[in-house]
Every structure is written in structure tokens, then in C-alpha cells.
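Colleague: Read off the chains here:
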Amino acid sequence: MAATDWIQIGRMDDLARMDTPVHRLDARAKAVVTFVFIGVVMSFPRHAISSLTPLLLYPVALVSLGRIPVRYLARKILIAAPFALVIGIFNPLLDREPVAAIGPVAISGGWVSFGSIMFRFLLTVGAALALVACTGMNRLGAGLERLGVPRVFVVQLLFLYRYLFVVSDQAAKMKRSAEIRSSGRPLRLRFYGSMIGHLLLRSMDRAERVYRAMVARGFDGEVRLLRPSAFRWSDAVFVIGWVLLFVSARAWNLADGFGRLITGGSL
Amino acid sequence: MSHHVVEVRDLSFAYPDGTEALKGVSFRIEHGAAVALIGGNGAGKSTLLLHLNGYLPTRRGEVLIGDTLLTRETAALARRAIGMVFQDPDDQLFMPTVAEDVAFGPLNAGLPPDQAEQRVASALARVGMAHLRDRPPYRLSAGEKRAVAIATVLAMSPDILLLDEPSSNLDPRGRRRLIDLLRSFEHTRMIATHDLELVVEVCSRVIVLDGGRIVADGPTRDILNDEALMLAHALERPHILRHSHPH
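Read top to bottom, the protein sequences are chains A and B.
Each residue of the first sequence is one higher than the last, beginning at 386 in my numbering.
Each residue of the second sequence is one higher than the last, beginning at 44 in my numbering.
Read the hints as simulated data drawn from the structure, not as lab findings.
Please note that the accuracy of each hint is not assured.
Examples of chain B residues toward chain A, derived with CB under 7 Å [said to hold, decoys possible]:
(1) D53
(2) S55
(3) P59
(4) P100
(5) F129
(6) D134
(7) F137
(8) F147
(9) N151
(10) L154
(11) Y181
(12) S184
(13) A185
Quick reminder that beta carbons are idealized off the backbone N, C-alpha and C, glycines included.
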């Protein structure tokens with residue numbers, strides 16, 4: 386199990402079972418704050434970097450109060466990094482107008498917006514992963530449902546999460562058995578094509594069997610969840626506090642203001 | 044307590060591709076009996092079990108669960124009396140945590156959450172897995188998964204248990220626990236398996252299936268000791284019987 390759990394999602398569940406002030410917050414509160422956070426981060430103008438820095442506070446707070454290992458989280462963020470790179474990489478080519486200079490080196494607008502994209506990526510993906518790590522997929526699902534997200538989506542999400550392990554385990558086994566018979570040569574692309582095909586067919590078979598097992602226990606199309614959780618005052622304070630911070634960070638450049646405050650003067 | 048009885052009359056079934064999986068199967072299982080369903084691969088064991096819980100429609104022949112004739116309309120009702128433990132626990136444990144998985148059936152049956160919770164606690168305690176209630180099912184060992192899968196079914200307080208290959212993939216200790224558990228049940232039980240030693244310990248009666256037909260039906264020791272019969276139908280005489288002597 387551990388060897389095939391290549392992206393170590395299982396560890397997320399271990400983290401989610403810890404007991405810290407952040408873990409004790411209601412899933413809905415954390416989900417709402419994280420969504421607002423992502424929205425606010427996305428709404429900044431494209432050259433924003435310094436004005437985004439105060440927003441680092443949210444993921445950092447989740448990580449440190451939730452006692453989430455930074456190294457583990459960083460590795461998870463790196464897995465998703467190529468997607469952001471692909472989105473941002475053309476900006477330096479397309480936008481070559483210099484907007485700033487460090488000594489003799491002129492920095493083009495493209496590089497600044499590229500930096501901004503990567504920074505936003507770090508903020509949003511970091512916050513989302515920290516959310517899952519300090520809430521757990523199950524509670525998050527239940528929270529989303531109570532926030533009014535359609536049950537079909539929530540159930541799909543939970544099933545996806547549940548069977549990710551089974552399917553990735555199957556994939557790892559197929560790859561291993563192919564490697565054993567490949568006499569040390571690297572596996573060809575054709576193998577991966579047929580592996581994906583097999584995984585699809587097996588998943589369809591499994592879907593049939595899972596459905597059978599659900600029907601056998603009286604499934605009628607509606608998934609009912611146990612799990613009453615209470616929204617307390619601390620949750621409300623959590624939501625209001627963070628949202629206020631995000632909104633003011635969006636409205637004013639807090640980093641700039643803070644800099645002026647301590648240097649005691651105008652630019 | 045006639046509703047713990049299972050009766051099958053002249054049941055036949057062909058899959059859409061034309062494979063005839065069952066050809067005129069008939070038997071009756073009395074209340075509280077433990078019956079083994081044995082036979083080689085493709086003999087029709089799983090197909091038969093899927094008829095008994097109403098998943099496959101009865102097209103030719105009849106299935107009676109208690110006094111109820113199984114039809115499309117009565118299938119949902121009959122399923123309340125029947126608990127089916129599937130071959131692969133990963134198919135059966137689909138909820139995010141063990142407790143929620145065990146609660147799935149009771150909640151579907153319309154129990155309020157607090158009563159469902161009681162069912163969860165007692166079913167998990169019954170199989171000795173109460174300590175796992177908040178764990179995600181995919182992190183359990185094969186033996187734990189199997190025990191929890193059985194608990195998901197017990198939580199629905201069925202009258203009849205159907206088990207498909209319950210001892211597959213278990214280590215000897217897990218298998219031993221399973222056997223003790225199965226012996227301790229008072230439910231009417233039907234166990235499809237290749238594990239003939241388990242059959243000797245748990246079941247008093249054996250039905251041998253081959254090519255969709257019942258080729259033998261009788262007391263466990265008589266059937267399993269019939270070496271010619273066993274070998275003719277992809278089976279063997281279990282060791283445990285070779286070395287045991289009547290006292």
C-alpha cells in the first residue's frame with residue numbers, strides 16, 4: 386500500500402485526523418474562507434506581487450496552527466506546478482516592455498506577470514491543500530453539501546477520492562508486472578495506452594460491482610450521511626476575520642503601507 | 044419463522060451473450076441452516092447468489108425468500124431480509140469511513156441517525172472491529188476489510204446471509220476469525236466458496252454446482268468424502284476429512 390500510494394494521499398487522512406484549533410473549526414467555515422481567499426487572489430491585477438504578500442498569512446496560518454508538515458505540502462504543490470508553469474511561461478515572451486529595473490537589469494512586464502501567476506499558484510494551491518489536510522475529504526464533502534453544493538457532485542467527489550487508491554494501486558501493479566517482463570528496457574508508450582484502456586474497463590466493471598453492493602443495501606439514489614456538526618461562534622469569527630483581511634488586502638496595498646509605516650515616510 | 048427460508052424452483056438464467064449460467068436449479072434451505080455452495084470456476088455460484096438477492100431478474104423459474112416470491116416489485120423488500128457479502132470488500136466498502144459504510148444500509152432503510160448509530164456500534168462490536176470506526180476503509184488489512192464488510196450487512200439485521208468467497212485473500216488468523224464468526228451466527232447462511240475446509244467447519248449441508256446444474260446436494264461429510272464426485276467437478280476431498288476419524 387505505502388509503496389504504491391505514490392502521491393501519498395493517505396497521509397492527508399492522517400493529517401486530517403489530528404486535533405488542533407484549525408482542525409476543530411467547522412468544515413463549512415474553512416471551505417468558505419478558502420473559496421473567498423482563492424477568489425480574492427485571482428482578482429488582483431496581473432502585475433501584482435507585493436500587494437499579494439499579506440495574503441500569504443492565510444495558508445501560513447493554516448499550516449502552522451494545523452501543524453501540517455511544510456515539506457510534505459511543498460511536495461504536493463510541486464506536483465501541480467507544471468500546470469501553472471505552462472499557463473505563465475509565455476508571458477515573458479509576449480510582454481517585453483520593461484516595468485522595473487534591478488540595478489542594470491531591466492525587468493519586463495511579462496516576467497512580473499509570470500512571477501505573479503506563480504505566486505498566486507502557490508497561494509491558492511497551498512491554501513486548498515492545507516484546507517484538505519486540516520479538514521479531511523469526508524468532512525469537507527459533508528460541509529460542502531450543507532453549504533448547498535448539489536449532493537451528486539459531493540458524492541462524485543467522495544467516490545473519486547475513495548477509488549483513487551484502488552485504481553492507482555491497480556495501475557502500479559500492472560506497471561510492475563510489465564517492468565518485470567520487459568528485460569530492463571523502458572516501457573513503451575503503447576504499454577501506457579493499453580494500461581489506461583485496461584484501467585478504464587476494470588473501473589467500469591468495478592463501478593457495476595459497487596453499484597450492486599449499494600443496491601444490496603437498499604440504495605435508492607440518495608446518499609445519506611451521518612455527521613451532524615455545529616457551526617459555533619469561533620467559526621463565525623474565523624470567517625469574518627479572514628474575509629475582512631482579504632478584502633482590505635485587496636483594497637489597499639498593505640505591504641506597501643506597512644513598509645511606509647516603518648520607514649516613516651513617503652516613497 | 045418461515046421468512047428465513049430460501050427456496051429456489053427450476054431456476055434458469057442466460058447472460059445476454061448467450062452463456063447459460065444456470066440450468067434448472069432447485070433447492071430449499073431451512074431456517075438457520077448453513078449451506079455451502081461449491082463448484083469450479085464458472086459453475087454458476089455467483090450468478091445464483093445474485094438471483095437470491097434479486098439483483099439479477101428471475102426470468103425462468105422461481106425464487107422465494109420466506110413467503111415472498113421474488114419479482115422486480117418485491118426485490119427491494121426481499122433485500123431487507125437478505126444480507127449479501129460480496130467477494131471483493133473494496134466493492135462493498137465505498138463510503139469514506141468504516142462507520143459511514145456500516146451506517147449506509149440502516150440509513151437507506153429509513154432509520155434516524157441515532158438508531159443507525161446504535162446499529163453501527165453493535166455490528167462493529169459483533170465482528171470485533173469497533174476500534175476501526177473512524178478509519179477510511181482502504182487503509183484496512185484484508186481481514187479487517189472482510190470483517191467490516193460483514194458488519195455492513197449485519198447492521199441491516201438480515202435474516203439470511205449470502206457470502207461470496209468470504210475467506211479469499213485472508214491470512215490464516217483472519218480466516219480463523221472468519222470461521223469462528225460464521226459459526227457463531229444464527230442466520231440462515233449460504234456460502235459460495237472454494238475453501239472446502241471452511242465448509243467442513245461451518246456448513247452442515249453442501250450443494251455442488253457444475254455447468255449451471257446441481258450435481259449433488261447433501262450432508263457435508265457425505266458429499267466431501269465422495270472422492271470421485273469431488274474430482275469430477277473441479278474439486279477435491281479436503282485434507283481435514285482424510286485425517287479425521289469418526290469417534
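Colleague: What are the numbers of the hints the structure violates, in ascending order?
Modeller: Violated: hints 1, 2, 3, 4, 10, 12, 13.
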